[in-house]
Amino acid sequence: MEKANIKRKSSEIEEEEIKENVNKKIDTTEKEKINDENKIGKSQEISEEEKKEEHFVHDVYEAIAPHFSDTRYKPWPVVDKFLNDLQPGLIGIDVGCGNGKYLGINKNVYIIGSDRCSNLIKICKERGYESLVADNLSLPYRSDSFDFAISIAVIHHFTTPERRREAIEEILRVLKKGCKVLIFVWAFEQDRKKYDEQDVLIPWHIPKKKYLNKKSLNKKDYTESEKSEHLVKYERYYHLFKKGELDDLVDQIKIGKVVETGYDRDNWYVIAERI
Amino acid sequence: MRLITHNMLQCHVKGCTKDNFPLKLEEIEIEELEAEFNADFIKSMLNRLDWKALAQTTFSLGIAQLPEEMPEELSDEMLEQLHHILLEIDITSGRMVCQGCNHVYPIRNGIPNMLLTESEV
Numbered sequence: 001m002e003k004a005n006i007k008r009k010s011s012e013i014e015e016e017e018i019k020e021n022v023n024k025k026i027d028t029t030e031k032e033k034i035n036d037e038n039k040i041g042k043s044q045e046i047s048e049e050e051k052k053e054e055h056f057v058h059d060v061y062e063a064i065a066p067h068f069s070d071t072r073y074k075p076w077p078v079v080d081k082f083l084n085d086l087q088p089g090l091i092g093i094d095v096g097c098g099n100g101k102y103l104g105i106n107k108n109v110y111i112i113g114s115d116r117c118s119n120l121i122k123i124c125k126e127r128g129y130e131s132l133v134a135d136n137l138s139l140p141y142r143s144d145s146f147d148f149a150i151s152i153a154v155i156h157h158f159t160t161p162e163r164r165r166e167a168i169e170e171i172l173r174v175l176k177k178g179c180k181v182l183i184f185v186w187a188f189e190q191d192r193k194k195y196d197e198q199d200v201l202i203p204w205h206i207p208k209k210k211y212l213n214k215k216s217l218n219k220k221d222y223t224e225s226e227k228s229e230h231l232v233k234y235e236r237y238y239h240l241f242k243k244g245e246l247d248d249l250v251d252q253i254k255i256g257k258v259v260e261t262g263y264d265r266d267n268w269y270v271i272a273e274r275i
Numbered sequence: 001m002r003l004i005t006h007n008m009l010q011c012h013v014k015g016c017t018k019d020n021f022p023l024k025l026e027e028i029e030i031e032e033l034e035a036e037f038n039a040d041f042i043k044s045m046l047n048r049l050d051w052k053a054l055a056q057t058t059f060s061l062g063i064a065q066l067p068e069e070m071p072e073e074l075s076d077e078m079l080e081q082l083h084h085i086l087l088e089i090d091i092t093s094g095r096m097v098c099q100g101c102n103h104v105y106p107i108r109n110g111i112p113n114m115l116l117t118e119s120e121v
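One line per chain: the protein sequences are A and B, in this order.
In terms of the numbering used here, the first sequence has 230 at position 230, counting the first letter as 1, and numbering is strictly consecutive.
In terms of the numbering used here, the second sequence has 119 at position 119, counting the first letter as 1, and numbering is strictly consecutive.
Simulated from the structure, these hints should not be mistaken for laboratory data.
There may be inaccurate statements among the hints.
DSSO-like mimics (lysine-lysine), calculated; alpha carbons at most 27 Å apart, straight line [said to hold, decoys possible]:
no.	chain 1	residue 1	chain 2	residue 2
1	A	K254	A	K74
2	A	K122	B	K43
3	B	K14	A	K176
4	A	K74	A	K177
5	A	K257	A	K194
6	B	K24	A	K122
7	B	K18	A	K176
8	B	K18	A	K107
9	B	K14	A	K208
10	A	K51	A	K177
11	B	K24	B	K52
12	B	K24	A	K81
13	A	K52	A	K176
14	B	K43	A	K176
15	A	K74	A	K107
16	A	K208	A	K233
17	A	K122	A	K208
18	B	K18	A	K177
19	A	K125	B	K24
20	A	K125	B	K18
21	B	K18	A	K254
22	A	K254	B	K14
23	A	K81	B	K14
24	A	K177	B	K14
25	B	K52	A	K51
26	B	K52	A	K176
27	B	K18	A	K52
28	A	K176	A	K51
29	A	K233	A	K51
30	A	K194	A	K243
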């Protein structure tokens, strides 16, 4: 009983922290942006959204890659089924493949993984998977050329509706007509946890000794408490999708249509067809 | 990176629409892999790849001299050769150069880096 109470309390604190940090950190990002602009002039204009994604998504995954990877090994049943139902000899892509946990599910198809985070792609390569570093918003593939695609837990890291739509449209562009993409995003409506806002920063704690080398330790500015503790906190940006929101995004895209939609363990998913 | 992957890649620099495929492989290092031969899989892959680009690439690398057009009937010998080309050659380092805009995509430790800088997107 006592244990359960403590648990609940700590999760409440965590949520408070998330809310506070969203505002605080975004302020800091804004300041950093101004500083950077002064330093480098106006030649390299990076939008606020890109900056936010760089700071709260790309940089975080680069830092947490090995620890993140060790916690990601169980395939989700819907994704597993989508991949195993594919005919042998097809060719497809996993956009935002992370540590490559879906790249080896069906050995009878050819699948290329890509991720924005090079440290995660290194892990894929070490595991023998075909993979490359690429940005979801500008995929380096020929149009109308793939038989299938998956996008698992990726689109929720983009910070605006336009960028989320563009990311999906870019995947549809490289699919052949009539072919399908499975998209999973984190849901606002979760069984275990309630959120007040859709745009949140979710903490990720890394055991320092095991996962952080000296180089990455120096890279991060530690708070006094982090210096003495064995855990280091990073935060990732998420847009939590409300019911129907993912479907609406696909509906806005001329070259795509929703063919299946559903909810599975705190995530919304759609299967969209290239038209 | 295997040559199947290379065959799907295209330069994606903004405004680069001419001669953006295939990317020219330069200064490459190759490692040989072993893969199980499956004739149906190879046939299926060939229907999905751009044959001309594959022939051009394998010729320029000195790996094979494939006919200009994909033969209608593929002999067992040829399928085995294609199996080797497509699945058993791993490009571990080098670079890919766009013949349209000269953009260079590096390959290090077997991993192509296809990121562009902000101004190129």
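Verification of the hints:
Proposed proximity of A:K254 and A:K74 is contradicted: the alpha carbons are some 34 Å apart, above 27 Å. Between A:K122 and B:K43, the direct Cα distance comes to roughly 30 Å. Violation of the 27 Å bound is thereby established for this hinted pair. Restraint check for B:K14 and A:K176: the C-alpha separation of about 22 Å stays at or below 27 Å, so the hint holds. Restraint check: the Cα-Cα separation between A:K74 and A:K177 comes to about 31 Å, which exceeds 27 Å; the hinted pair is violated.
Of the pairs offered as hints, the one joining A:K257 and A:K194 is violated, with about 30 Å between alpha carbons and a cut-off of 27 Å exceeded. Pair hint B:K24 plus A:K122 holds up; C-alpha atoms about 24 Å apart against a cutoff of 27 Å. A C-alpha spacing of about 21 Å is found between B:K18 and A:K176, which places the hinted pair at or below 27 Å, so the restraint holds. With a CA separation close to 35 Å, the supplied pair B:K18 and A:K107 exceeds the 27 Å bound.
A threshold of 27 Å between alpha carbons decides the hint, and for B:K14 with A:K208 the separation of about 41 Å lies outside it, so the pair is violated. In summary, the hint linking A:K51 to A:K177 is not supported, as the alpha carbons are separated by about 34 Å, beyond the 27 Å threshold. Of the pairs offered as hints, the one joining B:K24 and B:K52 holds, with about 13 Å between alpha carbons and a cut-off of 27 Å not exceeded. Under the criterion of a C-alpha separation no larger than 27 Å, the hint pairing B:K24 with A:K81 is inconsistent with the structure, at around 37 Å.
Between the alpha carbons of A:K52 and A:K176 the distance comes to roughly 33 Å, so the proposed pair goes past 27 Å and is violated. The straight-line distance between the Cα atoms of B:K43 and A:K176 is roughly 18 Å, inside the 27 Å bound, and the hint therefore holds. With a C-alpha separation of about 17 Å, the suggested pairing of A:K74 with A:K107 holds against the 27 Å cut-off. Taken as a hint, the A:K208 and A:K233 pair is honoured in the structure, with Cα atoms around 10 Å apart against an allowance of 27 Å.
Among the hinted pairs, A:K122 with A:K208 is consistent with the structure: their alpha-carbon atoms are about 21 Å apart, no more than 27 Å. For a cut-off of 27 Å, the pair hint linking B:K18 to A:K177 stands: about 23 Å separates their Cα positions. For the hint pairing A:K125 with B:K24, the CA-to-CA distance comes to about 22 Å; that is within 27 Å, so the pair holds. Distance check on the hinted pair: A:K125 and B:K18 sit about 31 Å apart at the alpha-carbon level, beyond 27 Å; violated.
Between B:K18 and A:K254 the alpha-carbon distance is near 25 Å, which keeps this suggested pair within the 27 Å criterion. The straight-line distance between the Cα atoms of A:K254 and B:K14 is roughly 21 Å, inside the 27 Å bound, and the hint therefore holds. Proximity of A:K81 to B:K14 is assessed by CA-CA distance (about 36 Å); at most 27 Å being required, the pair is judged violated. With a CA separation close to 24 Å, the supplied pair A:K177 and B:K14 stays within the 27 Å bound.
Between B:K52 and A:K51 the alpha-carbon distance is near 41 Å, which puts this suggested pair outside the 27 Å criterion. Restraint check for B:K52 and A:K176: the C-alpha separation of about 20 Å stays at or below 27 Å, so the hint holds. A distance of roughly 34 Å separates the Cα atoms of B:K18 and A:K52; the hinted pair therefore is violated under the 27 Å criterion. Between A:K176 and A:K51, the direct Cα distance comes to roughly 33 Å. Violation of the 27 Å bound is thereby established for this hinted pair.
Simply put, A:K233 and A:K51 have alpha-carbon atoms about 20 Å apart, close enough for the 27 Å limit, and the pair holds. Restraint check: the Cα-Cα separation between A:K194 and A:K243 comes to about 14 Å, which is no more than 27 Å; the hinted pair holds.
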